[in-house]
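> Given the coordinates of chain A, work out where chain B should sit on it, guided by the hints.
Protein chains: 2
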Amino acid sequence: ARPRVGYFYTGKTGTELLTEKIKQFKVYEYQSVPIVVKEEASVYDAISTMFLEDVGTLFVVDEHSCLTGVLSRKDLLRASIGNQDLDAIPVHIIMTRMPNITVCYRNEMLIDAAKKLIDKQIDGLPVLKDSEKGLEIVGRITKTTITKVFVELIMDEHEHL
Amino acid sequence: ARPRVGYFYTGKTGTELLTEKIKQFKVYEYQSVPIVVKEEASVYDAISTMFLEDVGTLFVVDEHSCLTGVLSRKDLLRASIGNQDLDAIPVHIIMTRMPNITVCYRNEMLIDAAKKLIDKQIDGLPVLKDSEKGLEIVGRITKTTITKVFVELIMDEHEHL
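Chains A and B, in that order, give the protein sequences. All you need for the working numbering is the position in the first sequence, starting with 1, plus 3. All you need for the working numbering is the position in the second sequence, starting with 1, plus 3.
Where hints are given, some of them may not hold.
All copies of an identical chain are treated as equivalent in the list; a pair is satisfied when it fits inside any one copy or across any two copies.
As a list, the in silico DSS-like pairs of lysine-lysine whose alpha-carbon atoms are at most 27 Å apart [said to hold, decoys possible]:
hint, residue 1, residue 2
1, 123, 41
2, 77, 24
3, 118, 24
These are calculated hints, taken from the structure and not from any lab test.
This is chain A alone, in the form it adopts within the complex (with noise of 0.2 Å):
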C-alpha cells in the first residue's frame, strides 16, 4: 500500500494524538470475564478454580453476585503452606475483604485502572456495576489485559497505517 504522506495542520503533536486517543479508552471494552467463587467455598476449591480458569485473581461473591472479597495466588499460596486441611478453610477466612478492596467501574478510563495496578502493587481488579442488589461484578481488569492492549496497539498501527 502506499504510504499517506502530507502536510497536516493539529494543533497538536503527532505523540499527542495518540495518546489522546489512548485515554478514551473505557474499562468495559477490554475487561475479560471475572472468575468468581462462593464465600463458603473452601481454600482447596479456590486453589483449584484458580489452576482450571488459569487466573491469577479470583473474586469472592455472595449469592447476589456483588463482590466481598479478592484471592489473590499470594493469598492462596500463604494459606497453603504447611496447612494440611485446605478443604476445611473457608475462603472468606483468608480472602481480602470490601471494603479493602481496589475496584474499578466499567465506564472508568482503561489508563485510571492501569495506574491502580501500579500504585496499589496488584494484579487484577474487579469491574463493578452499581446494582440494586449492591456492587455487582461484571468483569476483571489485569496487568495481561494492560499488556495485550500496548501490544496490540503497537502492532496494529504498524499494520494500518
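Relative to the frame of chain A, chain B by itself:
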C-alpha cells in the same frame, strides 16, 4: 507553557510517530533486577523468597549465575498443596527447565518481549547475556514492567507536551 502548534511535514501519520518511538525501547532500558535462587534451595525457601521480594517469578541459577530454571507462583502453589515437607524438596525437582523457558536478551525490543509474555501466557521473562560461562541472567521483564511503561507513557505525554 505555550502549546506547540504548527504545520509539519513528516511523511507519517501522527500515531505512527509514537508507535515508532515505542518500537525503539530496548529491554535493557526497562528491565528490573532478577530475583534468583540456587538449584539446591528448598521449595520452602523459594516461597519465602517470593514473599520477601514480592515477585511472581523466581529464576533458578547455577554457581556461575547462569539460568537453569524458572519458578512461577503457580509452580510453587502446585508443589505446596498437600505437601507437608516443603523443606525437603529442592526447587530443581519442580522448576521449568532450560531449554523450555521463554527468554529475552538485553538488546531486544521491549515490544517483542511484551509479545512473548502474551503469546506464551507467562508473567515474566528472564533477560539474558551471553557470557563465557553460559547464559547469564541480568534482568527480568514482567507484565508489571509493561503496565508501568504504558501508564508512564500516557501520563508523561500529558505533562511534557
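> Checking against the hints above, which ones are violated?
Of the numbered hints given earlier, the structure breaks just one, which is hint 2.
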